[in-house]
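Novice: Spelled out, the chains give:
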Amino acid sequence: MPLSPAERQELHAQLCALADGERAAFAPLFTRLWPVVRGCVAARLPAGEAEDVAQQALLKVFARASEFDPARDALAWVLGVAIWEARTARRRRERRREDGLATSLEERSISGPSPEDSAIAQDLRAALEQVLGTLRPGDVEALRAFAEERRPRGAAFRKRLERALGRLRLAWGARHVD
Amino acid sequence: MWTDAQLAREARWAYERARLRRASAQALLVAPVGALAFLHCASSFRWNAAALGLVLAFVAVCAWAGRDWARGMRAALLAGLAPLLVPLAAELLGHACTATTCYYVPGACLLGGLLGGLVLAGYPGRRSDTRAYALAALGVTVACGLVGCLFAGLGGLAGLALGLTLGSVPVLVLRRV
Chain A
1 MPLSPAERQE
11 LHAQLCALAD
21 GERAAFAPLF
31 TRLWPVVRGC
41 VAARLPAGEA
51 EDVAQQALLK
61 VFARASEFDP
71 ARDALAWVLG
81 VAIWEARTAR
91 RRRERRREDG
101 LATSLEERSI
111 SGPSPEDSAI
121 AQDLRAALEQ
131 VLGTLRPGDV
141 EALRAFAEER
151 RPRGAAFRKR
161 LERALGRLRL
171 AWGARHVD
Chain B
1 MWTDAQLARE
11 ARWAYERARL
21 RRASAQALLV
31 APVGALAFLH
41 CASSFRWNAA
51 ALGLVLAFVA
61 VCAWAGRDWA
71 RGMRAALLAG
81 LAPLLVPLAA
91 ELLGHACTAT
101 TCYYVPGACL
111 LGGLLGGLVL
121 AGYPGRRSDT
131 RAYALAALGV
141 TVACGLVGCL
151 FAGLGGLAGL
161 ALGLTLGSVP
171 VLVLRRV
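So the protein sequences, as listed, match chains A and B.
What the first sequence shows, in our numbering, is residues 1 to 178, in sequence order.
What the second sequence shows, in our numbering, is residues 1 to 177, in sequence order.
I should point out that these hints are in silico values taken from the structure, not numbers from a laboratory.
Glycine is no exception: its CB is placed at the ideal position from the N, C-alpha and C atoms.
Treat each hint with caution, since some may be false.
[What the hints assert, rightly or not] Simulated restraints, written as ranges between beta carbons of each label pair:
1. A:Ala71 with B:Leu172: 30 to 36 angstroms
2. A:Thr31 with B:Gly153: 18 to 24 angstroms
3. A:Ala6 with B:Leu92: 30 to 36 angstroms
4. B:Glu16 with A:Gly80: 18 to 24 angstroms
5. A:Arg92 with B:Glu16: 24 to 30 angstroms
6. A:Ala6 with B:Arg17: 29 to 35 angstroms
Please work from the sequences and hints to get the whole structure.
Specialist: Structure, rendered in structure tokens:
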């Protein structure tokens, strides 16, 4: 929202008066500054965030109004505060996003295997399935019972398992060991 | 997110809070000078503390209010240095105090008041003839004078009042003529 030179001068006079303690300058200054600050922040941030940041920026402008140096240009000073606030908000958002990504990666590494481990396990599982496909169903049944820890007690199963493991070793060696 | 009316209210609060913080900081800057009054040999801690508190309160309120209040306060801080420091210097230069009385300190208060009145009336900064300026200037100068002269008792206070009147009134009258 561009201001004419006359409006800029008036803005400067009002800000100087407020800096000096003239409370009567508050209302007209607020009316004049709010659209300026809102427009400035909206041009730098997404719509959902801009309104909140613009309000914070306006509060900063009024909180620092008493420090305003009359030798400076009022509009440039106000825009400087607003732009700084918008930049800070953007940095904060980016930092939050980076923190969120780091946290989710960390959580993933704590809760499960890494992607490399998963890929290796998947390859091994596929290779084992291929080898198991060459064995007899009785051997496969015994090996699955052993793997799932549901083997029955007794010497008969132990012997069956031993034979199945031997055949698995042979089949694995034939396919994967030179 | 606030409505425009709420935002205006919050902005006003932010402005007033910031002014109050700045005013308090300004008042605290004055405190070390005022604390010199505790060096007086016959000073009463309680009365000195009360007078110093009065100065700090005046300074903080005037700085927060701004405009002529702040201008009057700044002029008075400069003017108030004389009645604050002259009695102290007099006492330190020639020790004429008993446990309860300091003999020539009322004279020093008169001199300090006179100098303070002259500075106040001839302050070179931006002058203002408003009531706010006059009240702030007089209030802060008298409070500073109290810090410097309270220990001298009624004689010191009378010297201060007379000195301030003699120093400021003629200059102010001459300026108006």
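Novice: State for each hint whether it applies.
Specialist: Status of the hints after comparison with the structure:
1. Take alanine 71 (chain A) and leucine 172 (chain B): their Cβ atoms lie about 32 angstroms apart, and the range 30 to 36 angstroms holds.
2. In this structure the supplied range 18 to 24 angstroms is violated for threonine 31 (chain A) paired with glycine 153 (chain B), their Cβ-Cβ distance being about 57 angstroms.
3. For alanine 6 (chain A) and leucine 92 (chain B), the Cβ-Cβ distance of about 60 angstroms falls outside the hinted range of 30 to 36 angstroms, so the restraint is violated.
4. Evaluation of the 18 to 24 angstroms hint for glutamate 16 (chain B) and glycine 80 (chain A) yields a pass: the beta carbon distance comes to about 23 angstroms.
5. A hinted range of 24 to 30 angstroms holds for the C-beta pair arginine 92 (chain A) and glutamate 16 (chain B), which are about 27 angstroms apart.
6. Distance hint check: the CB atoms of alanine 6 (chain A) and arginine 17 (chain B) are about 32 angstroms apart, consistent with the given range 29 to 35 angstroms.
When the structure is compared with the earlier hints, violations turn up for hints 2, 3 and for no others.
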